[in-house]
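One-letter residues, chain by chain:
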Amino acid sequence: MTVFVLRRLIQAAIVVLLMSMIVFFGVNVVGDPVDMLVSPEADQAEIARVIRDFGLDRPIYEQYWYFLKGAASGDLGNSFIFGQPALKLILHHMPATLELAFAALFMAIILGIPLGLYAGLYPDRASSKAIMAGSIFGFSLPTFWVGLMLIMIFAVWLGWLPATGRGDTATFLGIEASFFTRDGLSHLILPALNLALLKISLVIRLTRAGAREAIQQDYIKFARAKGLSTGRIVFVHLMKNIMIPVVTVLGLEFGSLIAFSVVTETIFAWPGMGKLLIEAILQLDRPIVVAYLMIIVILFVVINLVVDILYSLLDPRVRLGEQGA
Amino acid sequence: MTLRTTAASALALVAVMATVPAWAEKLTIGLASEATSMDPHFHNLTPNNMISAHIFEALIGQDDKQRLIPGLATAWKPIDDTTWEFTLRKGVKFHDGSAFTADDVVCTWERAPDVPNSPSSFGTYTKGKTIEKIDDYTIHVKTATPYPLVPNDISTIYIVSDEGGCEGTTEQYNDLSVAHGTGPFTITAYEPGAVISLKRNDDYWGDKPQWSEVDLKPIKSAPSRVAALLAGDVDMIDGVPTTDIETLKKRDDLTLSQGSSNRVIYLHMDQFREDSPHVTARDGGKIKNPLLDKRVRLAISKAINRDAIVARVMEGVAIPAGQLLPDGFFGVSENLEIMAYDPKGAKKLLEEAGVGDGFRMTIHGPNDRYINDAKIVEAIGQMLTRIGIETAVETMPRSVYFKRASRGGEGDQPEFSFILVGWGAGSGEASSPLKSLIHTYDKDRGFGASNRGRHSDPAIDTMIEEALTIVDDAKRQDMLAKATEMAMENVAIIPLHYQVNTWAAKKGITYPARTDEQTRAANVVKK
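From first to last, the protein sequence lines are chains A and B. Those letters in the first sequence? Residues 1 to 325, by my numbering. Those letters in the second sequence? Residues 1 to 527, by my numbering.
Bear in mind the hints are in silico, worked out from the structure with no lab data behind them. C-beta: ideal position from N, C-alpha, C; glycine also. Hints may contain errors.
[To be verified] Result set (DSSO-like, lysine-lysine): computed pairs, CA atoms no more than 30 angstroms apart in a straight line:
no.	chain 1	residue 1	chain 2	residue 2
1	B	Lys220	B	Lys65
2	B	Lys250	B	Lys286
3	B	Lys344	B	Lys286
4	B	Lys220	A	Lys88
5	B	Lys199	A	Lys88
6	B	Lys220	B	Lys443
7	B	Lys142	B	Lys129
8	A	Lys88	B	Lys403
9	B	Lys26	B	Lys93
10	B	Lys288	B	Lys347
11	B	Lys526	B	Lys208
12	A	Lys69	B	Lys403
[To be verified] Label-pair ranges, simulated between beta-carbon atoms:
no.	chain 1	residue 1	chain 2	residue 2	range
13	A	Lys88	B	Tyr137	28 to 34 angstroms
14	B	Asp368	A	His92	25 to 31 angstroms
15	B	Gly411	A	Lys88	35 to 41 angstroms
16	A	Lys88	B	Asp368	25 to 31 angstroms
[To be verified] Pulled a few chain A residues facing chain B out of the computed Cβ check, cut under 7 angstroms:
no.	residue
17	Gly31
18	Ser39
19	Ala42
20	Leu148
21	Ile151
22	Ala155
23	Val156
24	Thr266
25	Lys275
26	Leu284
So here's chain B without its partners, still in its complex pose (with noise of 0.2 angstroms):
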């Protein structure tokens, strides 16, 4: 071989490694979260929605602020008071080739509710609703009342095909004989506990991901998933812990991405029990349930020194909350301010409402549900105890804590007086928190599920029902607005604040953070 033979073929390959594009290339991320299955509608719970969005769509989508976009409609419109018209898209292929229309609306709203064994159904968004094919690329989705959330419950069910799709069991989605979605990836390999691996949809319709090849691989301990993308074993990692934020930010071959998230927490306070069953007199002896009164609520919250929890407990990554959900979500209020601390105002409205000696509650909360969970009830703890309401803490692994702040107690009443919980919404708006924990606990028309204080108060109720039929955009985002002030003004809960999440990638690597607290893949961008 000559020199200029080799000069030349040295140029050549050059040339092809400059032409080769720069998004051939394989992401592999660290998931501090597991599915459960890989069939779209066998278990309702975000680590597997979120795997499904690689590989199947909704209608319509939710960016990453929650807010609803075109997916496999484009377009859709209420036409009268109870009927919703969903105009499809065409020339849309699953990844077995088939193409979708109408139909696979139509079975897909069949399965979707009515997996065996499903251990948490999509029943909850699709009951109440109808689905009539007009043609092959028109819908009509039909209620019995007037329902504003039809397209917020649309984008949570995805379609899956009617050749192959529908019929299949969850044990065929799980070998992948059956996992054909329209979305961005196809999915090449599922090994449970260890990966998935995702090939790019080159026929995908609409923004195809940077990414030819990706690998999602469950690394749930939190220090291992830190150690693998330090090792270079991922390229990316979602919860990160807040104790490593500091040290990871220092490192100028790391780049973080944070947002705020649609989960806020909070407290909950017993308001249903003349006889509480954590509250006693300072003496021990028993006393009339003090947090009925609304001056105790309020001087709690006063009580709260929300800056220093985010400041110390969650080391700045927080962002103090004084409703139900951050700024720039449909339904918020503007005009709420987050509680100032106030000790001495507590000390005062305490005085006033006749328990100016204290008294003593137990505060509950989980362990491992929330990020630093257990010491933010810690710090509330110390905090009350100074304004003179001696509080004791207690936390528990979330296994035990829920069903005993749910149904624990006599007749399955909530067992706790004083609990610490948070609220994610996933539709992306204020009706979702508004309905589960400030509505009135009514079991057979399905409000109030999480209502563990049981705050009760039929001017609000009434609002957030009349909201729920409100089409009308403004006027719906007005009602609700107006439904936390309400309840913001009864201290029916008292909001801490909005969980941050975090995202540490490698240099060059950046996720635009979703509210949802997602990681997808399709957003994952390479500078």
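If we strip away everything but chain A, and leave its shape as in the complex, we get (with noise of 0.2 angstroms):
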């Protein structure tokens, strides 16, 4: 184990430093962040200053350097807009991210494996088809469109839940969230049922087609043979064995949930981690849109690294160290 998570480390720096040099070099060929940022009254001068002040009159190579240099001491740059460190302004967004993300995944989970059992194990019955051809539509349907659909019916018509933003904070057990308080779950529940739409499309699908096929299988027969009760070989025998696919895609789609629910914070005006990096890629804020790649690699290097724990945990047959990673 200590051995596999190793050389999974060293794996993850690698991939790391390639990717800052693809994403440094990718961000710095679009466009000049000076025009975005500069005053239109400002003179010749006071532009020259700005491209100075900035370090954008270096050659690239350079630039990648001190940026290098930095990061080794875990400072990835001063935003250009907000002149504050990048790092800093990243974290300070994560929280809001990450509960959405969390909602929409709980979301997922308590809605997805539920629905694709049923559809399943009743593969025959209306009901079942129904939240087939449903799953249909999470998936098809854009996001943006979906984010509109749900802010006028739910804010608009029905006025039964709050349009955008996020609402009160409360801490409890150290953790300062909105879903601790009634005005920030209602807040919570559309953009989080948005951005989870797709994920309990993906989980039922996942789940019925592993407990169609398990069902078939010969253990399941043996133990209806035995006289195990329905719950005990739904529940104990098939779950287990339908939930190793499950957990994968969770993991890594969960990974996409913080990284990249930039759509339904934009729409809902949530003011996470997405909403940032869009606006700084907009502006050209570039040490922003470099910093975000830097830790969304790395989130995802981690997330990699704790499904593989999690497969050894629910299936005792795989043997991290053995596996050659």
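Take each chain as given, in its own frame, and dock them per the hints.
See the structure below:
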């Protein structure tokens, strides 16, 4: 296990370095942030000052070298438009995004698994067919459109929930989050649902496919023959075996929930990292874009690691150290 | 409890409710833009300056038409060619209780142009001026040469206190420990990306706002902003998209307010290269840049149907333009008309200029900067193709566009031949566009910084430079108007329309539209 983790960390370091290079050179090819920053009334001397102050007049490899030097000491550069360390800004916006992602993941699990299981166990019922048809919508409708529709229906027409923003937060067990308050929860439901819709559909389909396959297997038939209760067969024997692909996919999807909740955060004006990223991209705030992608790379590496460890817990046949990762 | 006491307490309750002033209320505004800092000198850009205006004040204010009004200075006048005297307001206190005096102005003047990491500094306005304290409530502003725009420049610098404010870092402003101004609101919370919370400054020297509390929430996505208003999350929004205006107008639970802005949308034409990169003959071969010929530029202007653009593309929410600023601004000419749509006349002019067969050209424009920018560019492309100038259309995000339009070509020259841009006159008078767009590009002296067509006419240059030294308002007004007339005569640029901005609010709340496109909670009125 230790060897496995160590090897993984070394791989991760190489990935992060390569990624930093691709990202840094990539974002530096596009456009010029100076025109986004400087007041239109500024004269040529002021424009020249900003270019000089932000080091944009230096050759790109030199800028990259400074970036690497800073990164080694945990400094990913200062945001152009906020004038604050990029890392600090991202971490500041992170709790809001994590909260949204966890809420969406939670919805995907508590809705997706039971519905998928039901559809898998009773595939011929009309309700199962309705669930599957619904999941196709969940897959195919674009997020931004669904988001706007959710706002129109639940906020504008019915007036049940607020349309945008994050609600009041409260601190519980040292965690400051908005799902501890009523106001916070009411703000959270729509964006979390919007973000979760695709994941719910995914989990439904995975669980159903798994259940359909497993139900035919000999061990289930044998369990039946032994006279075990249906509950025990489904929740102990069947569930354990169909959970592996679901956990893998949810792990990866959780990463993408955190990293790319951009659309949902923009539509719902949710003050998270995704909104910070998209605005940084639009205004060419390069340090934020680079720092963000660095954090995301690290995040995915960590999630994959956790998923691998979870595997070994779910399926004792998987031995991490011997796999060669 | 007897019936009588119940009735009495009910009455008492009614009485209490009646005596609570109607203005002890909270206002929530959804904004299309977001400030990047609470430091009033960190980033000289409208979204930041707009938020600063709630908390801080300058010596001179700008009213909704950008006319100068007394702020922290009660009076100002030139006492000789190069010196202006400002009389400061007495008895004003900063939010932290410290008194406002000339010392605050002096130290603000040092801080404003020199904030570390500033992406756009206020040096643009402070340079060339030195401040001298005469007594606690009098200052002199000296310039090297006569300069009439001292009051306009002064009106952009927000005054901070010499007790903490001047030494404060941007970080300290963001955590609100030194964010004390003299303005109509005090700031109580700043959550980047989520909300800026304000409280009425009950010690404010001027008209106090009607709202005891104000929340400013950035909601950048336009449909979400409209939905937030419809859902009642916010009481008012700015930047109403033109496509939604008609629908919103029909609702009787909303009121809209509209007003023309100081922003003109116009076309720049390559007037400095014989061989312009995006202009070719019809067969694709090289030709001498026809845009150098005034008749061709005039033909293009005549070929554009401004009324159609305003009616169709802008859905009626814009004003056709014939010069650099709408009527009512200082320095506009009364003699200039909107160029009439005349495709026949345009064709004739092309023939006279020897390009009767037309030519090929590409028009470039941004697609996320001005209201309906990409659609305007497309419409112009079609109108020009109709008179024989085969016009291809290319639009791109502003992050890519502006660099290429300003200095993307060889030798850091503008890359394009024919472009759409907008200009908002921050100073609220005509010298701003004249100086930046019409004056010959002159890097060393800071003229023509946004002259991306590189139009150059020494006669106009002289007039602009002279106007910038005339302290007498009437004479300067004439000079600016005349310079504008000459620029239009030259077809230096082609003005299309003035942008109109729209605010929407719940019934009973009105907002006097500002020409500088800013949203200021202090001016929001409840009827």
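What are the numbers of the hints the structure violates, in ascending order?
2, 6, 13
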